[in-house]
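For reference, the chains in residue letters:
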Amino acid sequence: MYPCAEGVPVTDPDILLSPNILQDDEDAQVPLTLPLDAWHRAAGGRMVEFAGYWMPVQYEGIIAEHLWTRTSAGLFDVSHMGQLEVSGEGAVAALEALLPADLAGLQPGRLRYSLLLDENGGILDDLMVTSRGDHYFLVVNGATKWDDIAHLREHLPDAITLNHLDEHGLLALQGPKAAAVLDAMGLEPAFAGMVAVDELGFMQAAAYFWQGRPLGISRSGYTGEDGFEISVRGEDIAALADALCAAPEVKPIGLGARDSLRLEAGLPLYGHDLSPETDPVKAGLSFAINKRRRSEGGFPGDGVILPLLADGAPVQRVGLALTGRMAAREGSKIYAADQLVGHVTSGGFSPSINHPIAMGYVATAQAEPGTALEIDVRGKRLAAQVVALPFVPHRYFRKGAPR
Amino acid sequence: MSRYFTKEHEWIEIEGDVGTVGISDYAQSQLGDITFVELPAVGAAFKQGDAAAVVDSVKAASDVYVPVAGSVTETNEALEDQPELVNTDPDTGGWLFRIKLADLGELSVLMDEATYKAYIAEL
Chain A
0 MYPCAEGVPV
10 TDPDILLSPN
20 ILQDDEDAQV
30 PLTLPLDAWH
40 RAAGGRMVEF
50 AGYWMPVQYE
60 GIIAEHLWTR
70 TSAGLFDVSH
80 MGQLEVSGEG
90 AVAALEALLP
100 ADLAGLQPGR
110 LRYSLLLDEN
120 GGILDDLMVT
130 SRGDHYFLVV
140 NGATKWDDIA
150 HLREHLPDAI
160 TLNHLDEHGL
170 LALQGPKAAA
180 VLDAMGLEPA
190 FAGMVAVDEL
200 GFMQAAAYFW
210 QGRPLGISRS
220 GYTGEDGFEI
230 SVRGEDIAAL
240 ADALCAAPEV
250 KPIGLGARDS
260 LRLEAGLPLY
270 GHDLSPETDP
280 VKAGLSFAIN
290 KRRRSEGGFP
300 GDGVILPLLA
310 DGAPVQRVGL
320 ALTGRMAARE
330 GSKIYAADQL
340 VGHVTSGGFS
350 PSINHPIAMG
360 YVATAQAEPG
370 TALEIDVRGK
380 RLAAQVVALP
390 FVPHRYFRKG
400 APR
Chain B
0 MSRYFTKEHE
10 WIEIEGDVGT
20 VGISDYAQSQ
30 LGDITFVELP
40 AVGAAFKQGD
50 AAAVVDSVKA
60 ASDVYVPVAG
70 SVTETNEALE
80 DQPELVNTDP
90 DTGGWLFRIK
100 LADLGELSVL
110 MDEATYKAYI
120 AEL
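Quick note, the sequences are listed as chains A and B, same order. Here the first sequence stands for residues 0 to 402, where the numbers follow numbering that gives the first Met the number 0. Here the second sequence stands for residues 0 to 122, where the numbers follow numbering that gives the first Met the number 0.
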C-alpha cells in the first residue's frame, strides 16, 4: 500500500500521511530538530520531515484535532517558519520596493498579509509583516525562508539590517477559546499603555512578558478562527507550551489539521496554491495590494499586476465543493463538459463540512460561484461546484463586534 | 484459516481458494483518519501486486495492492457509509474485498504474522 502516483510527489513511502504538506525541500538532508522536538514526541506526536525539520503531523488524529480547534483551542508549533527583523533608516521604502503592502500607512502594533513578488509579478512567498515601531517583523514560510533571506539580502540596501531570529520559536493558539486561555496566563504588557492580550483586535500585535519571559504576540492565524501567534525564545518555548496545554481547553494540533483547517478557511498554501507562476490577482489576493500602492505602483511586477487589477485575470483561484466522499487532490484536472479549464492545487476531506473540498485555478468564465464542473480523479469524473471562499466562515475577533 | 501479510501492509486471510484482503493495523495507524475507500468491481481480475483499491485519508490517497492474483468475488459494502471501519477494525470488520485466488503458490512470497510483526518493528 503506497500513496497514489497522482498529485504531490512523496519522498518517503512510509510517510503516508503527509504528501500534501511536504514541500519542495528535495535535498536529501537530515532533518533538523526544532526546540519543541522532545515535547512533541512526549506528547505522542507522529513526527515527519517537513520543510527540512522534524514536525508533528498529528497526535490523536487529524479529524479530532481539526474539530477540537474549531470548538475549543489548538496549539500549533510553527517554529519552522522564518522570523525576520528588518530595521534601519529607510526600511519602509526598502521593503515597499519588494512588497505591494502600504507599509508607510501601517501603524505600529499592526500587521498585514503581504507577498514577496518577483519582477514578473509572480509570488515568491506570502508572509505577515508587523510594524513594531522601530523595525518590521516578518514571518515567512518555512520551506521558502532561506530563499527569502537570500532575496531580501540581495535587494535590501546595505543600510538596512536583516536579522533572522533563528533561535526563536513560534506557537499559534487558535480557536474560540484561545483568547480566554491566553488571558488567564497572566501576561504583562511590555510597555505602559499596551492593551491586555485579549483586547488585541484582529491583525494587531504587542509585546508581553510571561513570568519575565518576552513574547511577541499577534492576533492572527491560519485556521480562520480567532487566535494568536506567539513569538517566543527557543529556551522558553517548552515551558510556554506546557503552561498553555495545562488548560483543559487546549490540545496540541499537528500539521495535518493545520492544513485541513486552512483549506476550509480558503487560505492558500505556498508551494501548492501559490508559486512564482501565480500572480496576486489570479490568486484572489488583490487585497494585499493596498490602495496607495495601486495608484503609485513601485513594487516588483507592477507593470504586470496593475493591468490585471484593472482588467481582471484570465484565470482565478476558486473553491470547489464535491459531492460524495472521494477527494480530489493537488494536480487533478478540472473540466467543463469536455473542456479542460483548470487544475486542483489543494484538496481533501473537510472534517467540518463532512465532504471533500478543494481549491484550484479555473478559467474566469468558469469561476462564478454555482458553476458546475467536473474533476478527474483516477479516471472518474467527480461532480464539483464552484463555491465562494471560505468554505467555513472566518471567526476573527473584530473590536466592537458582538462577542 | 491462515493470514499472510505483504511488505506494503496488506493482509490476506485464506479460506479454501478465497482470500479476504484488508490493510494492517499498522497501515491504518500510519494513514490516520480514513474518509473514503474506492473498491474494485466484482469480477475484476488482478495480477499479484496490482493496485486494486484506494484508501483516502484526510491527507492522502493510497493504493492497496492485491497480495496474490485472482478475481474479486465480493467487496465490503459497509465501507461505503463507514469508511472509518478501516481505522477502528482493520483486522476484521474493515476488510476491503474478497478474491478468488488464481495461484495459491503466490502465497509463498508473503509473510506470516510473526514475520510481519518483526518487519514493522524495524520500520
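Just so you know, the hints here were simulated from the structure itself, not pulled from any lab data. Glycine residues also receive a C-beta, built at the ideal position from the N, C-alpha and C atoms. Wrong hints could be hidden among the right ones.
So these bits of chain A aren't anywhere near chain B, every CB distance computed over 12 Å [claimed, not checked]: (1) Gly51; (2) Gly60; (3) Val91; (4) Met127; (5) Ala326.
Which stretches of chain B does chain A cover? Using the computed rule of at least three CB atoms under 8 Å from a CB of chain A, they are [unchecked claim]: (6) 10 to 19; (7) 37 to 48.
- Since Val91 (chain A) was said not to touch the interface, does its Cβ keep a gap of more than 12 Å from each Cβ of chain B? holds, 41 Å
- Query: Are all C-beta atoms of chain B more than 12 Å from that of Gly60 (chain A)?
  - Reply: violated, 5 Å
- Item | Least C-beta distance from Ala326 (chain A) to chain B larger than 12 Å | Violated, because the least Cβ-Cβ distance between Ala326 (chain A) and chain B comes to about 5 Å, which does not exceed 12 Å.
- Query: Do three or more residues from the region 10 to 19 of chain B put their C-beta atoms closer than 8 Å to C-beta atoms of chain A?
  - Reply: violated (count 0)
- Check the non-interface label on Gly51 (chain A): least C-beta distance to chain B beyond 12 Å or not. Fine: 19 Å to the nearest Cβ keeps Gly51 (chain A) off the interface.
- Query: Against chain A, does the region 37 to 48 of chain B show at least 3 residues with beta-carbon separation below 8 Å?
  - Reply: Violated, because only 1 residues of the region 37 to 48 of chain B bring their Cβ atoms closer than 8 Å to Cβ atoms of chain A.
- Item | Check on Met127 (chain A) being off the interface with chain B, judged by Cβ distance over 12 Å | holds, 25 Å
Hint violations for this structure: numbers 2, 5, 6, 7, all remaining hints satisfied.
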